[in-house]
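Enquirer: Whenever a hint applies, use it, and build me the whole structure from the sequences.
Chains as they are written, first to last, in the working numbering: chain Y, -15 to 378; chain R, 7 to 406.
Keep in mind that a hint or two might mislead.
Unchecked claim - Pairs of lysine-lysine, DSSO-like flavour, derived with a Cα cap of 30 Å:
hint: 1; chain 1: Y; residue 1: K310; chain 2: R; residue 2: K134
hint: 2; chain 1: R; residue 1: K16; chain 2: R; residue 2: K134
hint: 3; chain 1: Y; residue 1: K310; chain 2: R; residue 2: K81
hint: 4; chain 1: Y; residue 1: K67; chain 2: R; residue 2: K323
hint: 5; chain 1: R; residue 1: K81; chain 2: Y; residue 2: K297
hint: 6; chain 1: R; residue 1: K246; chain 2: Y; residue 2: K276
hint: 7; chain 1: R; residue 1: K323; chain 2: Y; residue 2: K36
hint: 8; chain 1: R; residue 1: K116; chain 2: Y; residue 2: K310
hint: 9; chain 1: R; residue 1: K323; chain 2: Y; residue 2: K164
hint: 10; chain 1: R; residue 1: K313; chain 2: Y; residue 2: K67
hint: 11; chain 1: R; residue 1: K134; chain 2: Y; residue 2: K274
hint: 12; chain 1: Y; residue 1: K276; chain 2: Y; residue 2: K36
hint: 13; chain 1: R; residue 1: K313; chain 2: R; residue 2: K8
hint: 14; chain 1: Y; residue 1: K28; chain 2: R; residue 2: K313
hint: 15; chain 1: R; residue 1: K81; chain 2: Y; residue 2: K278
hint: 16; chain 1: R; residue 1: K323; chain 2: Y; residue 2: K28
hint: 17; chain 1: Y; residue 1: K278; chain 2: R; residue 2: K374
hint: 18; chain 1: Y; residue 1: K276; chain 2: R; residue 2: K8
hint: 19; chain 1: R; residue 1: K81; chain 2: Y; residue 2: K108
These are calculated hints, taken from the structure and not from any lab test.
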Amino acid sequence: VRTMALRFEVLGRFNRARAAQLTLPHFVCQTPLFMPVGTQGTIKGLTTSQLKDIGCQIILGNTYHLELRPGSELIDELGGLHKFMNWPRAMLTDSGGFQMVVSLLHLADITEKGVTFQSPVDGKPMLLTPEESIQIQNKIGADIIMALDDVVKTTITGPRVEEAMYRTLRWIDRCIAAHKRPNEQNLFGIVQGGLDPVLRDICVRGLVDRNLPGYAIGGLAGGEEKDSFWRVVAQCTSNLPEDKPRYVMGVGYPLDIVVCSALGADMYDCVYPTRTARFGTALVPEGVLKLKHKVMADDVRPIDPECTCMVCKNYTRAYIHSLVTKDAMGSQLLSYHNLFYMMRLSRDLHTSIIKGCFPECFPKGDVPEWVCNAMEVAGVDISACCLPLSSSQD
Amino acid sequence: MKFAVKAWSKGGRARTGVLQLGSCPIPIETPSLLLSTRKGLPIFIAPDLLPSLPSPDSHLLQISPLHFLEGPSPKTISNIGGLHEMLGLHNYGFAAAPRDSMVCLPVSEKSNHIGASFETPGGRLLIKPADYVEMVSSLKPNVWASLADEVPAYVSAKRNRTSVDRTIHWLDDCISLDPAGGSSVFGAIVGGSSIEERIRCAQEVAKRNVSGYWIGGFGLGESMDERPSLLNEVVENLPKERPRQICGLGLPEEILQGVAAGIDLFDSTYIYHLTLGGFALTFPLDRTERHFSDCHLSDTTGSDNAKINLRATIYRKDTSPIVDGCSCYTCQNHTRAYINHLINVHEMLAQILLEIHNTHHYLLFFRKIREAIEEGEFDHFCQEFVNGRRDYVAMVAACS
Ligand SMILES: [Zn+2]
Ligand SMILES: [Zn+2]
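Expert: Printed below as a string of structure tokens:
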């Protein structure tokens, strides 16, 4: 039996959806949960004490960026990323491969050895192997580390998808072999296989055979059709073990999180809430509120009258309107609200699953077709939400 | 607003006082630092982090009404209920002045008899007394400076005289236009580098029924040596029982110069410029601890014995706080190495953490100044501070 540095206890279910307690070396988390992205050892514009106040349980660091600056060598020397950035709670790092492939696509070349890319520092070719990715992540020291996978865009079809899936399976063994801290860090494998159910199935089985502490569903949220997206999630979650956390990578739109949770996923990450904040957009139950818009200039209501965050308790839309995209404080305050919103969503999902009132998490009003399709599969009756005049107490 | 002088330095003009503002439950001790703001909030310190700063020292904020030319409109600000309500800072005091020395600076060659011209984030604008008073009336700051025609030190005697005439004229306009009858106005005093004009302006303003004085026209090209006599003449001609605020003095030496002349309130644009440059204040606050940093700190990054530049590579692995024993949020939670990293990767948290530490450190510097005055040690305090800097410069020269 492989050692694991986590405990995953399901506390409640609503059909396929589950609410669980995920005990990691640095924090006991409640799922479903959202992980804010702190690319360079900080969540843009927020202090770690604010993140705690907001209720963040686990944050994500980007291996690629951290290796560039300040370097895993230095982070290790100074006692790991938790200590370096003074974040006492849980942390996850990605493999570093995704950033190279996606951000530097035209410069990256994937071979059996690893991902070759052009160094942004001196332009020289550099190779990231599965072994190196794990070595770097071992130095950074996050609670959860991710296997290096061969990512292809979901919009790509043909033999390249199959090649990537099989390579991902071959690389997982190299990652497992390279992992030096299995008692302190949990290595998650990533399910690839594009939109092809057969390939996804082979990948799920292959990874489950390796008995990893947790599994991620990768290669999604890259511009595919929503109906394809949820079907892949549904297929993967139904075949992944019940007693292990499931992480859908790159998902951060509130509705996507609700749908994936209904289908049995537990963890999500996305730059969306903080990035959209910097562009002046707030997340609200009705969708989004564009604070830049002229009509906000004289609106003396809070961003979300129901929200109990520091920003909504104190500030009007009119004042935030005057700050966004002009003053640093605009993005600080909106990031604060947006992350607070995501944490509230995570908490609502957790408690509603336990209390058996999961459908209440769905936004009221128009539910898109793909959501209705997904909920049929998930066995969640959202007909009450689709009725325009239904009350939330139903 | 209520102000009372508490103590005077031995045989000098420096004084401590107590400033009581309606919204501030705890009185503010002077000489005091006013925190710089952008649209009413500190530039990088979010409102939930403000309470971590020394209290009540940090409860006095400086605002420029010109920032709100970008919105919200005076009508909307009035609907919200003014600054305190709009910013959710009910226990804080606000002192308004048009010039902020950061993004709103006077453009003297474009000012005319109708109004004062300013470079603002929304472009160059001519501000008339009526516009200004409208903004102030909606914002409802605790105190506000009248509109001044500030000119740099190099202008002609004629232009300087005009600026005094206009500034006095606009003070009368501000008082008569103010629905509150000017009850919280600080009369602006200008006069450039001319002793006569400074005296004339101070005497004229002193005749008006104002609650305090805002001394402008400094930090605009005058030399540090000519400042004491100018400041002394201004202060000499002002009633002792009212507070005096100054704009444009920021360096520790300049603060000491202002305090020595009898100034009570200072802006903190120095903190802003330090923070943007990656600097952290490190000068010893305790007189018994006054010692000099090692020579190797005197690298080309502008570090000296008052501050360090956290951009410098020597801090890459430095796991100590900015200042050992500093009780600020930054030093309690983060290392020099982390801030060095944040600066390197252009993360905003660097500025947040630096603004917190620098503001904290400077507020404590002001505490030390007040203590020195009350203990009758102010002259000694100034001398030690200035000598410390001079010795350091000499030591660095000897080392190189
Ligand atoms: Zn909120
Ligand atoms: Zn400090």
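Enquirer: All the hints need checking, so say for each whether the structure fits it.
Expert: Status of each hint after checking the structure:
At roughly 25 Å between alpha-carbon atoms, K310 of chain Y and K134 of chain R fall within 30 Å of each other, so this suggested pair holds. At most 30 Å may separate the alpha-carbon atoms for a hinted pair to count; K16 of chain R and K134 of chain R exceed this at roughly 43 Å. Distance hint between K310 of chain Y and K81 of chain R is fulfilled; the C-alpha atoms sit about 21 Å from each other, no more than 30 Å. A C-alpha spacing of about 13 Å is found between K67 of chain Y and K323 of chain R, which places the hinted pair at or below 30 Å, so the restraint holds.
Using a Cα cut-off of 30 Å, the hinted pair K81 of chain R and K297 of chain Y holds, with the two alpha carbons roughly 22 Å apart. Proposed proximity of K246 of chain R and K276 of chain Y is contradicted: the alpha carbons are some 48 Å apart, above 30 Å. For the proposed pair K323 of chain R and K36 of chain Y, the alpha carbon gap of about 26 Å is at most 30 Å, so the pair holds. The straight-line distance between the Cα atoms of K116 of chain R and K310 of chain Y is roughly 26 Å, inside the 30 Å bound, and the hint therefore holds.
A distance of roughly 25 Å separates the Cα atoms of K323 of chain R and K164 of chain Y; the hinted pair therefore holds under the 30 Å criterion. The straight-line distance between the Cα atoms of K313 of chain R and K67 of chain Y is roughly 25 Å, inside the 30 Å bound, and the hint therefore holds. With a C-alpha separation of about 34 Å, the suggested pair K134 of chain R and K274 of chain Y falls outside the 30 Å cut-off, and the hint is violated. Of the pairs offered as hints, the one joining K276 of chain Y and K36 of chain Y holds, with about 28 Å between alpha carbons and a cut-off of 30 Å not exceeded.
Note on K313 of chain R and K8 of chain R: the hinted pairing is violated, with a Cα-Cα distance of about 35 Å set against a maximum of 30 Å. Of the pairs offered as hints, the one joining K28 of chain Y and K313 of chain R holds, with about 26 Å between alpha carbons and a cut-off of 30 Å not exceeded. Of the supplied pair hints, the one linking K81 of chain R and K278 of chain Y holds, its CA atoms being roughly 15 Å apart against a limit of 30 Å. Between K323 of chain R and K28 of chain Y the CA atoms are separated by roughly 22 Å; this keeps the pair inside 30 Å, and the hint holds.
As the CA atoms of K278 of chain Y and K374 of chain R are separated by approximately 48 Å, the hinted pair breaks the 30 Å bound. As the CA atoms of K276 of chain Y and K8 of chain R are separated by approximately 40 Å, the hinted pair breaks the 30 Å bound. As the CA atoms of K81 of chain R and K108 of chain Y are separated by approximately 59 Å, the hinted pair breaks the 30 Å bound.
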